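Residue numbers (the numbering used here), protein chains in the order written: chain A, 20 to 332; chain B, 354 to 436.
Hints in this document: simulated from the structure, not taken from any laboratory. Any given hint could be a false lead.
Unchecked claim - Under 10 Å between C-beta atoms, here's a sample of chain A residues computed to sit facing chain B:
#: 1; residue: Glu-146
#: 2; residue: Arg-150
#: 3; residue: Gly-174
#: 4; residue: Arg-196
Stated by the list, open to error - Result set (SDA-like, lysine to any residue): computed pairs, CA atoms no more than 20 Å apart in a straight line:
#: 5; chain 1: B; residue 1: Lys-374; chain 2: A; residue 2: Lys-167
#: 6; chain 1: A; residue 1: Lys-232; chain 2: B; residue 2: Val-399
#: 7; chain 1: A; residue 1: Lys-166; chain 2: B; residue 2: Lys-373
#: 8; chain 1: A; residue 1: Lys-167; chain 2: B; residue 2: Lys-373
#: 9; chain 1: A; residue 1: Lys-235; chain 2: B; residue 2: Ala-434
#: 10; chain 1: A; residue 1: Lys-50; chain 2: A; residue 2: Glu-93
#: 11; chain 1: A; residue 1: Lys-50; chain 2: A; residue 2: Lys-166
#: 12; chain 1: A; residue 1: Lys-87; chain 2: B; residue 2: Ile-375
#: 13; chain 1: B; residue 1: Lys-373; chain 2: A; residue 2: Phe-250
Unchecked claim - Stretch by stretch, here's where chain A covers chain B in the computed footprint (C-beta under 8 Å, at least three residues):
#: 14; segment: 389-402
#: 15; segment: 411-417
Quantities reported herein were computed from a predicted structural model and do not represent experimental measurements. All C-beta atoms in this analysis are idealised placements derived from N, C-alpha and C, irrespective of residue type, glycine included.
So the chains spell out like this:
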Amino acid sequence: MSEKINTDVIMIGAGPSALSAAVYTTREDIKTILLEKGVIGGLAAITDQVDNYPGFPEGVTGLDLAEKLEKQAERFGADIRYGEVSAINAVDGGIEVKTADELYYAKAALIATGSDYKKIGVPGEEEFYGRGVHYCATCDGAFYRDKKLVVVGGGNSAIQEALFLTRFASHIDLLVRSTVKASEVLQKDLQKAVDEGKVSVHIGTTTDEIVGKENKVTSVIGTKDGEKVTFATDGVFVFVGLLPNTGFLENTAVELDETGFIKTDKNLMTAIPSVFASGDVRSGATMQIASAVGEGATAALKIREYIEEQARS
Amino acid sequence: MAKKVTIYTSNTCGQCKMVKKILSMKGHNYDEVNIDESPDRHQEVVTLSGQQRVPVTVVEDDTTGTQSVITGYNPGQLMPALI
């Protein structure tokens, strides 16, 4: 490991929340390093179409939006690096952050690690991952041209991604455990796809098992009204909710709520003074790109206030 | 040491973009096979990686004759394969 890298603010994650925060901090000449282990832009970058982010009357692809946010942050000097954080500790009045290769020291830190798609947790799901079970429609949808698909989930993501997949699939069976809980616009688009015969919606249907043969998925078994139902399929795309990326915070003083999201006060500060959190990873977040970006801006202003206070004392 | 890099991608794949970005940052040239534009090459992805996922990055070492296949955006596996 090389020498400690000093900076003013270290941001863990480079999704929309951190990129927004970085625009604000770097415009105030606050030296900012962002560490990202995955895709810059986070889940937004792998979302096909974003129609509810303000400023884009025709909508924008997730990839384009992520690229624009990245470019804007870099324009003012944000230093975006690839790395996975393994430890974060309060040390000598500042914050020390470790990755496999580097050690960083900053006056303040922002945790904006976002969330990842949840697994259903049924037999066959892990066994057939990548061989018929997928969590990224924009990555893997192209493999299913003219094939049958099952999409599991009933929220905005499931509906949005199911509609994206109608570009490829011959037919989609949408398995919804309770009821569809998506926006009015998405529900209208879904109904249109149903009327066109592209999608069949199965309400009150659980997904119990993913079955396959010779390394390929062949069907999904579920339960509806107490009866077993089987859906022949070539692939399964799963969108059943989000889990916060906070595993690396185990054994730290950062407090998490009962579902693993980071608790913060009204200044977006965590239980460790000088460590802030924003976006999807934060307890109470509304899981929207627009709110993540707003929280990032707020966190940046609070970070600036904090650094200035520390400098005065 | 001569390394040949081929990436299998799709048009809407954010992880594919990240692999291309990291390769460009490190100064590596690569060939790209876009499976949206070449659906006849889907099976290559499955044969190489055993999965129907992109990105798949293939790093071939002409000197030793070895081949590394990395599925997904995985800098932890990709970087050592490029050395």
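Now for the hints, and whether the structure bears them out:
| no. | hint | in the structure |
| --- | --- | --- |
| 1 | Glu-146 | violated (12 Å) |
| 2 | Arg-150 | holds (6 Å) |
| 3 | Gly-174 | violated (20 Å) |
| 4 | Arg-196 | violated (25 Å) |
| 5 | B:Lys-374 x A:Lys-167 | violated (33 Å) |
| 6 | A:Lys-232 x B:Val-399 | holds (15 Å) |
| 7 | A:Lys-166 x B:Lys-373 | violated (29 Å) |
| 8 | A:Lys-167 x B:Lys-373 | violated (31 Å) |
| 9 | A:Lys-235 x B:Ala-434 | violated (29 Å) |
| 10 | A:Lys-50 x A:Glu-93 | holds (12 Å) |
| 11 | A:Lys-50 x A:Lys-166 | violated (50 Å) |
| 12 | A:Lys-87 x B:Ile-375 | holds (18 Å) |
| 13 | B:Lys-373 x A:Phe-250 | violated (37 Å) |
| 14 | 389-402 | holds (count 5) |
| 15 | 411-417 | violated (count 0) |
Going down the numbered hints, you'll see the structure goes against 1, 3, 4, 5, 7, 8, 9, 11, 13, 15, while the others check out.
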